[in-house]
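Go ahead and model the full structure; you've got the sequences and the hints to work with.
As they're listed, the protein sequences go chains G and W.
Taking numbering that gives the first Met the number 0, the leading residue of the first sequence gets 0, the next gets one more, and so forth.
Taking numbering that gives the first Met the number 0, the leading residue of the second sequence gets 0, the next gets one more, and so forth.
Treat the hints as calculated values from the structure; they're not laboratory data.
C-beta: ideal position from N, C-alpha, C; glycine also.
Be aware that a few hints might be false.
[As the list claims (entries may be wrong)] Derived DEER-like restraints, expressed as beta-carbon distance ranges:
1) G31(W) with E111(G): 21 to 31 Å
2) E93(G) with E7(W): 16 to 26 Å
3) D110(W) with G155(G): 13 to 23 Å
4) K130(W) with G140(G): 43 to 53 Å
5) D128(G) with A105(W): 49 to 59 Å
6) Q167(G) with I108(W): 38 to 48 Å
7) K130(W) with E34(G): 27 to 37 Å
8) K130(W) with E111(G): 42 to 52 Å
9) N100(G) with D19(W): 41 to 51 Å
10) R25(W) with E34(G): 44 to 54 Å
[Said to hold, decoys possible] Cut-off 25 Å, straight-line C-alpha distance, at most; resulting in silico cross-link-like pairs (BS3-like, lysine-lysine):
11) K130(W) with K199(G)
12) K104(W) with K13(G)
13) K129(G) with K257(G)
14) K97(G) with K130(W)
15) K156(G) with K89(G)
16) K22(W) with K49(G)
17) K13(G) with K22(W)
18) K199(G) with K22(W)
Read off the chains here:
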Amino acid sequence: MVFHYYPGCTLKTKAIDLDKYARASAEALGITLAELDNWQCCGGAFTMAKDEIATKLSSVRALADSRDSALVTVCSACHNVIKQTNDAMKNDAEFAMKVNNYMQLDEPYHGETKVYHYLELLRDVVGFDKVAAAVKNPLKGKKIAAYYGCLLLRPGKVLQMDNPENPQILEDFIRAIGATPVISPYRNECCGGYMATEDKALAAKKSGAVMDSAKEMGADMMITACPLCLYNLTKNAPGEKLPVYYFTELLAEALGVKE
Amino acid sequence: MSNPKELELKEQVIRMSGVDPLKCMRCGKCSGTCPSYDEMEYHPHQFVYMVEKGEIEKLMASPSIFKCLSCYACVERCPRDVEPAKLVEAIRLLVIRQQGANHLKANQIPDLLDDDMPQQALVTAFRKYTK
Ligand code: SF4
Ligand code: SF4
Ligand code: SF4
Ligand code: SF4
Numbered sequence: 000m001v002f003h004y005y006p007g008c009t010l011k012t013k014a015i016d017l018d019k020y021a022r023a024s025a026e027a028l029g030i031t032l033a034e035l036d037n038w039q040c041c042g043g044a045f046t047m048a049k050d051e052i053a054t055k056l057s058s059v060r061a062l063a064d065s066r067d068s069a070l071v072t073v074c075s076a077c078h079n080v081i082k083q084t085n086d087a088m089k090n091d092a093e094f095a096m097k098v099n100n101y102m103q104l105d106e107p108y109h110g111e112t113k114v115y116h117y118l119e120l121l122r123d124v125v126g127f128d129k130v131a132a133a134v135k136n137p138l139k140g141k142k143i144a145a146y147y148g149c150l151l152l153r154p155g156k157v158l159q160m161d162n163p164e165n166p167q168i169l170e171d172f173i174r175a176i177g178a179t180p181v182i183s184p185y186r187n188e189c190c191g192g193y194m195a196t197e198d199k200a201l202a203a204k205k206s207g208a209v210m211d212s213a214k215e216m217g218a219d220m221m222i223t224a225c226p227l228c229l230y231n232l233t234k235n236a237p238g239e240k241l242p243v244y245y246f247t248e249l250l251a252e253a254l255g256v257k258e
Numbered sequence: 000m001s002n003p004k005e006l007e008l009k010e011q012v013i014r015m016s017g018v019d020p021l022k023c024m025r026c027g028k029c030s031g032t033c034p035s036y037d038e039m040e041y042h043p044h045q046f047v048y049m050v051e052k053g054e055i056e057k058l059m060a061s062p063s064i065f066k067c068l069s070c071y072a073c074v075e076r077c078p079r080d081v082e083p084a085k086l087v088e089a090i091r092l093l094v095i096r097q098q099g100a101n102h103l104k105a106n107q108i109p110d111l112l113d114d115d116m117p118q119q120a121l122v123t124a125f126r127k128y129t130k
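Have a look at this one:
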């Protein structure tokens, strides 16, 4: 099976591992991620105002270019921006009209493309049972705290990925690769996000609470799908830190495709 | 809410955000869950209340508009589906859309960087602070 793939700007630079292991693991599971031609950065945050058009065009372009199949993203933030943009194209007629008038696509776009986060691909297309069956090196005995952060799941009614207050997709993923999930009460609280640019103290406080909670619950390591979460947890959280990995790296390790 | 300018601003914020402040029952849950609570002069539930009152200029002048992390916690957890973050966003846009009103200036950027910081952080800050 071939899916369109939107890697995002950070996965081409600081978060190369998130991208590289996502592709290698997908291949091992029978899925090819075909990178879109000429995709542009989504901007990292969805601008919530209805009258804001320009900042959403790169996402619409990626969506419209994928309408013959489905679009896969792996960065939490890209996933958030692209799904929210798709929802607006589908449900906000005035916004969609303005965008379509501006873009002059061969055929107007109205949110037809199905968007998958990579984890949804594993759960809904491959199936976590099939992932488990393909595991060659189970991560036995590893206690892993899933860190959802905020952008992977919220707003829940738009992203429709999992229950935003009591999610299980990452825990199911952890079980599929043979490890044991550890549930931390801070798994869906914010790490401080982009505020790390101008307010390091805030990022330290927020990411520190997330890290400390995972430590207290007895985790050996944490996983995330977001480059900014990984940065805040590894760089800005104070004190002793657990290692933090992209979930795709552990997947590649379990599937035996990590060089 | 008295003068025509405030009324116009209020209507603009409501149109941009799609939020109906009258749905709010002032339970304060949005502010209770906000990760930026300590950094804010006006908290999410106050944005809702003050927009309803038409006090938009006061909000526009407050540094609170640059403290929202866009974490969607208040959007998710509001029992009345008010979506306070959308008001913060609309008011922030009213400010940065004004000429010369960018919160982040290009010459400030090098000082904010370190070797590990992902593009995502900067790209997002740009989106939130500049036009
Ligand atoms: S979310 Fe990030 S990584 Fe993804 S494209 Fe947008 S800015 Fe770049
Ligand atoms: S970086 Fe922090 S702000 Fe972004 S998704 Fe991760 S948790 Fe949320
Ligand atoms: S959570 Fe919702 S109803 Fe409660 S104060 Fe905030 S906006 Fe109003
Ligand atoms: S979206 Fe903004 S206002 Fe709402 S809880 Fe998060 S930081 Fe606070």
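Results for each hint:
1. For the pair G31(W) and E111(G), the supplied restraint of 21 to 31 Å is violated, since their beta-carbon distance comes to about 39 Å.
2. Distance hint check: the CB atoms of E93(G) and E7(W) are about 20 Å apart, consistent with the given range 16 to 26 Å.
3. Separated by about 37 Å at the C-beta atoms, D110(W) and G155(G) break the suggested range of 13 to 23 Å.
4. The hinted window of 43 to 53 Å between K130(W) and G140(G) holds, with their beta carbons roughly 51 Å apart.
5. Between D128(G) and A105(W) the beta carbon distance is about 51 Å. The supplied range of 49 to 59 Å therefore holds.
6. Between Q167(G) and I108(W) the beta carbons are some 40 Å apart, a value that agrees with the proposed interval 38 to 48 Å.
7. Checked against the hint of 27 to 37 Å, the pair K130(W) and E34(G) passes, with Cβ atoms roughly 30 Å apart.
8. With their beta carbons about 31 Å apart, K130(W) and E111(G) fall outside the hinted range of 42 to 52 Å.
9. For the hinted restraint 41 to 51 Å between N100(G) and D19(W), the CB-CB distance of approximately 28 Å leaves it violated.
10. Taking 44 to 54 Å as the suggested C-beta distance range, the pair R25(W) and E34(G) conforms, at roughly 48 Å.
11. With a C-alpha separation of about 23 Å, the suggested pair K130(W) and K199(G) falls inside the 25 Å cut-off, and the hint holds.
12. Distance restraint check for K104(W) and K13(G): the Cα-Cα separation of roughly 24 Å lies within the 25 Å cut-off, and the hinted pair is therefore satisfied.
13. A distance of roughly 19 Å separates the Cα atoms of K129(G) and K257(G); the hinted pair therefore holds under the 25 Å criterion.
14. Restraint check: the Cα-Cα separation between K97(G) and K130(W) comes to about 20 Å, which is no more than 25 Å; the hinted pair holds.
15. With a CA separation close to 14 Å, the supplied pair K156(G) and K89(G) stays within the 25 Å bound.
16. Of the supplied pair hints, the one linking K22(W) and K49(G) holds, its CA atoms being roughly 19 Å apart against a limit of 25 Å.
17. Note on K13(G) and K22(W): the hinted pairing is violated, with a Cα-Cα distance of about 43 Å set against a maximum of 25 Å.
18. Of the supplied pair hints, the one linking K199(G) and K22(W) is violated, its CA atoms being roughly 35 Å apart against a limit of 25 Å.
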